[in-house]
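Asker: One-letter residues, chain by chain:
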Amino acid sequence: MNKKILYFVLIAAISVLPFIILNVSLLDIIFSVPSLFSFLFDNFFPPNWNALDGNFIIVRNTILFAIVGTCISALLAFFLGILISEYFNPFVPIRLLARFFVSFLRNVPIIIFASILVFIFGIGPLIGVIALVLGGVGFLARSYANNMDELAQSKLEALKSTGASYFQIIFHGLFPAFTPAWLNWTLFAFEINIRISAVLGMVGAGGLGLLIQANLDLRNFRRAMALIILLMAIVLIVEFFVNKLRERLEKGLPYVPIIAFIIVIFFISASALNLNFQTFIQRLSNAPRILAHFAIFDFSVAPELLAALFTSILLGLAGLVLGAVFSFILTFFAAKNTAPSLTIKFSKYELNLNFLPFLIKGAIALLRAIPSLVIILMIIASLGFGYIAAVLGIAFSSLGYLTKAFIASVEEQEEAKIEALKSTGASHIQVIYHGILPAVSSVFWRWISLRLEFNISDSISLGVVGAGGIGMLLARAIRQSNFSYIATGVFIIFIAMFILELIIDKLRN
Amino acid sequence: MLLKIKNLSKTYDSKNYALRDVSFNVSEGEFIAVVGLSGAGKSTFIRCINRLVPFSEGEIFFNGENLHNANRYSLKKIRSKIGMVFQHHNLIEQTTVLSNVLHGRLGETSFIRSALGLYRKEDKEEAYKLLKTVGLYDYKDKKAKTLSGGQMQRVGICRALMQKPKLLLADEPIASLDPVSAETVMETMKAVNEKTNLTIIVNLHQVDFAKKYASRIIGMKAGKIFFDGTPKSLTEDIIKEIYS
Ligand SMILES: Nc1ncnc2c1ncn2[C@@H]1O[C@H](COP(=O)(O)OP(=O)(O)O)[C@@H](O)[C@H]1O
Ligand SMILES: [Mg+2]
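Chains as they are written, first to last, in the numbering used here: chain A, 308 to 816; chain B, 48 to 291.
Be aware that a few hints might be false.
Which residues of chain B face chain A? A few of them, derived with a C-beta cut under 8 Å, are [as the list claims (entries may be wrong)]:
{"hint": "1", "residue": "53"}
{"hint": "2", "residue": "97"}
{"hint": "3", "residue": "133"}
{"hint": "4", "residue": "135"}
{"hint": "5", "residue": "150"}
Simulated from the structure, these hints should not be mistaken for lab results.
Keep in mind it's a predicted model, so treat the numbers as computed, not measured.
Glycine residues also receive a C-beta, built at the ideal position from the N, C-alpha and C atoms.
Here chain A stands alone, though its shape is the one from the complex (with noise of 0.2 Å):
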């Protein structure tokens, strides 16, 4: 009981500190939302479809970027999977460099990777993949090598009892059994891609988001919108294949032949982006003279850095505590075996919301499908700048995401459960509190702490398109290829986004 109490000041301390740190107040944040929305309606509505003429190309190839860099950042993930497995790779440094580096690319926000890029690949579409490459790489690598390790432990153990070599319980053994996980981590990687390939146009790869973002800049939110809407449309059919190959594959479809149309679909994107791979070498061979400039960190500007970063860090906090508590609300409201059958009764009149499980995740799904860093620039663009608007940013991209998870949830817990508290005559809230929670808080905490780590992601870079903290003092930066600043800025995120790894990871256990 005591430690129960503990905690729970300790997740108030935690939950309230941001917002007095930030100085921004509670009820503030909450009054600007009908005057955001209100905004939104009459600025945003109805969308100008005029923007989307001449545009195809450049829709055509933010689904193309993500094609291509997921498919290859797949193939090399696999590589550093096997790089970064304890039972695969049994050379300690080697296995520890790989896992230095994956997780140098899987804590540095993706964006400033991009706008690093640029130094070496000019501007255009080699951006844009290559930065999909690395993000991907870094995300895919340690889910892979974390399979690999399970099915180690499970099934090849057999295989080796054999006396099969190293390379026969790959071929044998690892191939056939990964190429399940190997896919659906893959699928799930593609889903998350095409919402960054979107974005990574601010900084230069050219795609959907720079439009975007031009319109807001110009303030011609009609036309924003409506790229937007297409965005969305986007988002939400590649998801419902996704998931209809997914259905499918369980249901024991081939593997072979959809990876065969995998490698298809990727050669035909690569050659439509008209990707010059020469052009690539080339370039490439000038990154070792252009990272030579990165490789001297100027820690007079540490202090200054450190400040924006935890200024990113409170707001990535910040949205977060928000968007979980409307989630958490919503969530009950929502899932099919929690929603309250409520009946408004007027005199004679009677109205049912039964629907609204069916409304709160259609608009779930639908805010999921922005990429967080358009809703931000959204929200940006109707509020101004400042920390408000940062913050629910932040967090309508956290309600999204939690909104989901914590809903899958609840509804995985059986029925029977639920009906044994009912036939105690427990209430609807009773049945909740004493059946639900408890199987579900532990999931839900888990979903948090990974959405944290996003959140920050998030939060450093929305200051890249102007909303402060240290994403902005790295801009600025950039900007003035004042390399020395970018490395200390980039080696202190990194720092940072290890650390705070590190702590969710032992906080998990």
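Position chain B with the ligands against the provided structure of chain A, taking the given hints into account.
Answerer: Structure of chain B with the ligands alone, referenced to chain A:
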């Protein structure tokens, strides 16, 4: 008459009837076993009695109250007087054994009190007493998921008894237990029935258990009552008919 059921019918899909025109009465203190093939309608029948499943036609009177007319509030009151035990015990496994038993008081406890764990003192003492009678008092602070299947089922019975019910419903309470635990669970229910005169209706698919413990057996077949009588009058021939 504790329970009066008149012309009860239930359909889930408005085509096939899970229950068809079922009528019968239960007096206080009876120990009734309902037997029948899987799919015969036993679970549906037992769930209609506390309206976990809303029934389509007919009437159920519990303790003189008409279930059909009960609004949300009176339904909760009625449910709190009917304890229920399930095949898969349906405990909340992440919480302690004691909390699971105390869940039986939720219908009589306000949300604020139950959320803060402020159950009444006499409720806690009752919970201790029940756990002692089933031999699980020493486990009271353990997480429910650490218990064995038979132990969990006994906790499930404590939760139901905690409601101070007038009627105890049990839906295949021993179907997923080993023979020894099954005997213990049935013994526990029999003891409660004899000591406190609590009325019990239990779904079973093992006829031998029904014959050994029940004072009255109901055989269901395709949603209808096919047999209703004492264990003695349930002959081999009738059993064959029920299970064909
Ligand atoms: N929730 C439900 N939805 C639709 N049909 C159901 C449901 N529960 C039971 N049924 C149907 O009702 C009939 C009786 O089932 P049930 O009451 O579970 O029988 P028993 O408990 O004797 O096995 C079966 O045909 C079953 O398919
Ligand atoms: Mg059944």
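Asker: With reference to the structure, classify each hint as holding or not holding.
Answerer: Verification of the supplied hints:
no. : hint : result
1   : 53   : 22 Å, violated
2   : 97   : 6 Å, holds
3   : 133  : 6 Å, holds
4   : 135  : 6 Å, holds
5   : 150  : 6 Å, holds
In this structure, only the earlier hint numbered 1 is contradicted, and the remaining ones agree with it.
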